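With these hints in hand, go ahead and build the complete structure from the sequences.
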Amino acid sequence: NAGVTQTPKFQVLKTGQSMTLQCAQDMNHNSMYWYRQDPGMGLRLIYYSASEGTTDKGEVPNGYNVSRLNKREFSLRLESAAPSQTSVYFCASSEARGGLTDTQYFGPGTRLTVL
Amino acid sequence: KNEVEQSPQNLTAQEGEFITINCSYSVGISALHWLQQHPGGGIVSLFMLSSGKKKHGRLIATINIQEKHSSLHITASHPRDSAVYICAGGGADGLTFGKGTHLIIQP
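Keeping their order, the protein sequence lines are chains A and B. Be aware that the first sequence starts at 1, since it is given in my numbering, and climbs by one per residue. Be aware that the second sequence starts at 1, since it is given in my numbering, and climbs by one per residue.
Since the hints were made in silico from the structure, they are not lab data. These numbers come from a predicted model, not from an experiment. Any given hint could be a false lead.
[Unchecked claim] Derived BS3-like pairs (lysine-lysine); straight-line CA-CA distance at most 30 Å:
#1 B:Lys-99 to A:Lys-9
#2 B:Lys-55 to A:Lys-57
#3 B:Lys-99 to A:Lys-14
#4 B:Lys-99 to B:Lys-1
#5 B:Lys-99 to B:Lys-55
#6 A:Lys-57 to A:Lys-14
#7 B:Lys-68 to B:Lys-1
#8 B:Lys-53 to B:Lys-1
#9 A:Lys-57 to B:Lys-99
#10 A:Lys-57 to B:Lys-1
[As the list claims (entries may be wrong)] Interface residues of chain B toward chain A, partial, derived using beta-carbon atoms under 10 Å:
#11 Val-4
#12 Gln-6
#13 Ile-86
We put the CB at the ideal spot given by N, CA and C, even for glycine.
Right under this line is the structure:
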């Protein structure tokens, strides 16, 4: 089992460019999450999907969109990147539907720099 | 809004020492998680607690629900325990993460 995989590992964008971060899990988990991690701050939830076909906003959703493509895949899109979106992005998954308090399994992260 | 406070922010200790990291959390949090972030950036869940105590190898996590406080202990610490340890509180809006404790164990 690969667990949770994310692509790409690193990305540099110019302000205004768009990109999609990909996440996939092979654990048959129902819930998936996108977080960002900034220096001096805890991980913050951007969006989550409590089950296939549903998505909900987290704490910091502005500037992002998500798609739960199927049970395995959950992508995060930046339509018009801004320097404030420079961060490390983590995808995670958990077993239960709507398992907001469950143990989460994290991907390796994507380090994004917006110039 | 749920809140989670960790202490200390930074901790340097000698190999073999007993380590304690503390976490206080607000009302509305029903489960407390401890995670480890490796120097390379990967994040691993260590424990999830809603009551009592859990042990895995040299790691022990405890929670006091009345005081809204949890501790992570490492016995016989080793340089490979060097990492950032993060506590996170689970509530209706998902996980609220502390800022982490950066632990360095020197040989």
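Hint by hint, here is what the structure shows:
1. At most 30 Å may separate the alpha-carbon atoms for a hinted pair to count; Lys-99 (chain B) and Lys-9 (chain A) meet this at roughly 23 Å.
2. Between the alpha carbons of Lys-55 (chain B) and Lys-57 (chain A) the distance comes to roughly 34 Å, so the proposed pair goes past 30 Å and is violated.
3. Pair hint Lys-99 (chain B) plus Lys-14 (chain A) holds up; C-alpha atoms about 29 Å apart against a cutoff of 30 Å.
4. Proximity of Lys-99 (chain B) to Lys-1 (chain B) is assessed by CA-CA distance (about 16 Å); at most 30 Å being required, the pair is judged to hold.
5. Between Lys-99 (chain B) and Lys-55 (chain B), the direct Cα distance comes to roughly 23 Å. Compliance with the 30 Å bound is thereby established for this hinted pair.
6. Distance check on the hinted pair: Lys-57 (chain A) and Lys-14 (chain A) sit about 25 Å apart at the alpha-carbon level, within 30 Å; holds.
7. At roughly 15 Å between alpha-carbon atoms, Lys-68 (chain B) and Lys-1 (chain B) fall within 30 Å of each other, so this suggested pair holds.
8. The hinted pair formed by Lys-53 (chain B) and Lys-1 (chain B) meets the criterion: a straight-line CA distance of about 26 Å does not exceed 30 Å.
9. As the CA atoms of Lys-57 (chain A) and Lys-99 (chain B) are separated by approximately 22 Å, the hinted pair is consistent with the 30 Å bound.
10. About 15 Å separates the Cα atoms of Lys-57 (chain A) and Lys-1 (chain B), which keeps this hinted pair within 30 Å; it holds.
11. Taken as an interface hint, Val-4 (chain B) checks out: its beta carbon lies about 7 Å from the nearest beta carbon of chain A, inside 10 Å.
12. Hint status for Gln-6 (chain B): holds, given a least beta-carbon distance of 9 Å to chain A, under 10 Å.
13. At its closest, the beta carbon of Ile-86 (chain B) sits 7 Å from a beta carbon of chain A; the interface hint therefore holds under the 10 Å criterion.
Of the hints listed earlier, the one the structure fails to meet is number 2.
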